[in-house]
Amino acid sequence: AQSVTQLDSQVPVFEEAPVELRCNYSSSVSVYLFWYVQYPNQGLQLLLKYLSGSTLVESINGFEAEFNKSQTSFHLRKPSVHISDTAEYFCAVTCFPQGGSEKLVFGKGTKLTVNP
Amino acid sequence: EAQVTQNPRYLITVTGKKLTVTCSQNMNHEYMSWYRQDPGLGLRQIYYSMNVEVTDKGDVPEGYKVSRKEKRNFPLILESPSPNQTSLYFCASSLLTTSSPLHFGNGTRLTVT
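Protein chains in written order, with this note's numbering: chain A, 1 to 116; chain B, 117 to 229.
Chain B on its own, in the form it takes in the complex (with noise of 0.2 Å):
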């Protein structure tokens, strides 16, 4: 089944903590993207993707890392969270850029305290 996907779903730590957010996809996909979801604000994005090696920051790439080594992976690492990153963030992927739609994971609903 095609799919993107996100681990963990659901994430608690504390301030200070450095943490991953893994997201896959098997549909061979070019372009990945990570967002961040929250209420009234909508979907903002953080890091985009166009290809293995190729990264560049969206709309708030502050306090927010990537890597992509491998076409499938595209990890999102916060190295010193803080509350203001409690939010709901979502991996997508798609064949050709932003031209073409976007496959999402699941979400995973961190909470920084």
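So that you can see chain A by itself, here it is in the shape it has in the complex (with noise of 0.2 Å):
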């Protein structure tokens, strides 16, 4: 079954400071890739995808992520945190297994806190 392994549940970091929030997942068919963002008390909204094309994609608010289809990651970076980016960060993999229904499978999140 395809799995999605976000490998930090908490990421703490200092204002200004560089990130990277951790994703793998167990496909080896073609997928489609997503970050989603949850800020306290919000539902999930998309924060980056990729479809296909560049391996590299960015969000309009400095995050970007890589597909590395060698070695099956997602990573999200982003350069210089604000406290404002404090939330919670779910990977996602859609997944088209052979003669099987394409699948969404979730990763379990993670937690970043920006501190002053």
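Keep in mind the hints are simulated off the structure, nothing from the lab. It cannot be assumed that every hint is accurate.
Restraint-style ranges between C-beta atoms, simulated for each label pair [stated by the list, open to error]:
1. A:59 / B:142: 20 to 30 Å
2. A:102 / B:186: 18 to 28 Å
3. B:181 / A:69: 38 to 48 Å
4. B:215 / A:41: 34 to 44 Å
5. A:113 / B:143: 24 to 34 Å
6. B:193 / A:39: 24 to 34 Å
7. A:39 / B:189: 21 to 31 Å
All figures in this text were calculated on a predicted structure; none of them were measured in a lab. From the three backbone atoms N, C-alpha and C, an ideal C-beta is built for every residue, glycine too.
Given two chains presented individually in distinct reference frames, assemble the corresponding complex, making use of the accompanying hints.
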């Protein structure tokens, strides 16, 4: 079965420091990749997505993620975080297994806390 | 404004008392889905619907029912709630199955005593 692993459940960082939230998935077939962000008391919002083309994708608020097919990873990075980036981040992968229907699988989330 | 609306936001009930959580989207999306979010477990899919009158089980369907009589509405029904269904529930929709980004509601926090 497809799985998505977010290696860190919590990541504390100081403001203006760089951050990387790691995501690995288990699938040998084509995938679509997503990062969602959940601010306190809200639903999830799409942060960025990889469907095809350039392996580096960017969001409007400075986050970027790189699809690495050989390492089956889609790590999320930001060179300098703000207090307002404090949230929970979810990696999600759509897999297309042979003989089966497509399925979206979420990781368990990484709580990013940005401290002043 | 394009949105997914869930009601209620908070609900406290007792074991065995039937309840319905409503979900409505105004984006003409074909795909809708229900998730529950629990600490340490992330999001787990309960049921999903590809279109009107088409529903299917997700990963944790036991104890839940859904219906899709209209494109915009996808209610979640708990016929006989139990304490292990205490959770944060999210409804989501997308234009085309799971290859399109999901739009989420703001969640319903359910407590079953």
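Results of checking the hints against the structure:
1. A:59 / B:142: 20 to 30 Å: holds (25 Å)
2. A:102 / B:186: 18 to 28 Å: holds (24 Å)
3. B:181 / A:69: 38 to 48 Å: holds (40 Å)
4. B:215 / A:41: 34 to 44 Å: violated (29 Å)
5. A:113 / B:143: 24 to 34 Å: This hint holds: roughly 33 Å between Cβ atoms.
6. B:193 / A:39: 24 to 34 Å: Cβ of residue 193 of chain B to Cβ of residue 39 of chain A: about 29 Å, so the range 24 to 34 Å holds.
7. A:39 / B:189: 21 to 31 Å: Given a distance of about 26 Å, which is inside 21 to 31 Å, the answer is holds.
Checked against the numbered hints listed earlier, the structure breaks hint 4 alone; every other hint is satisfied.
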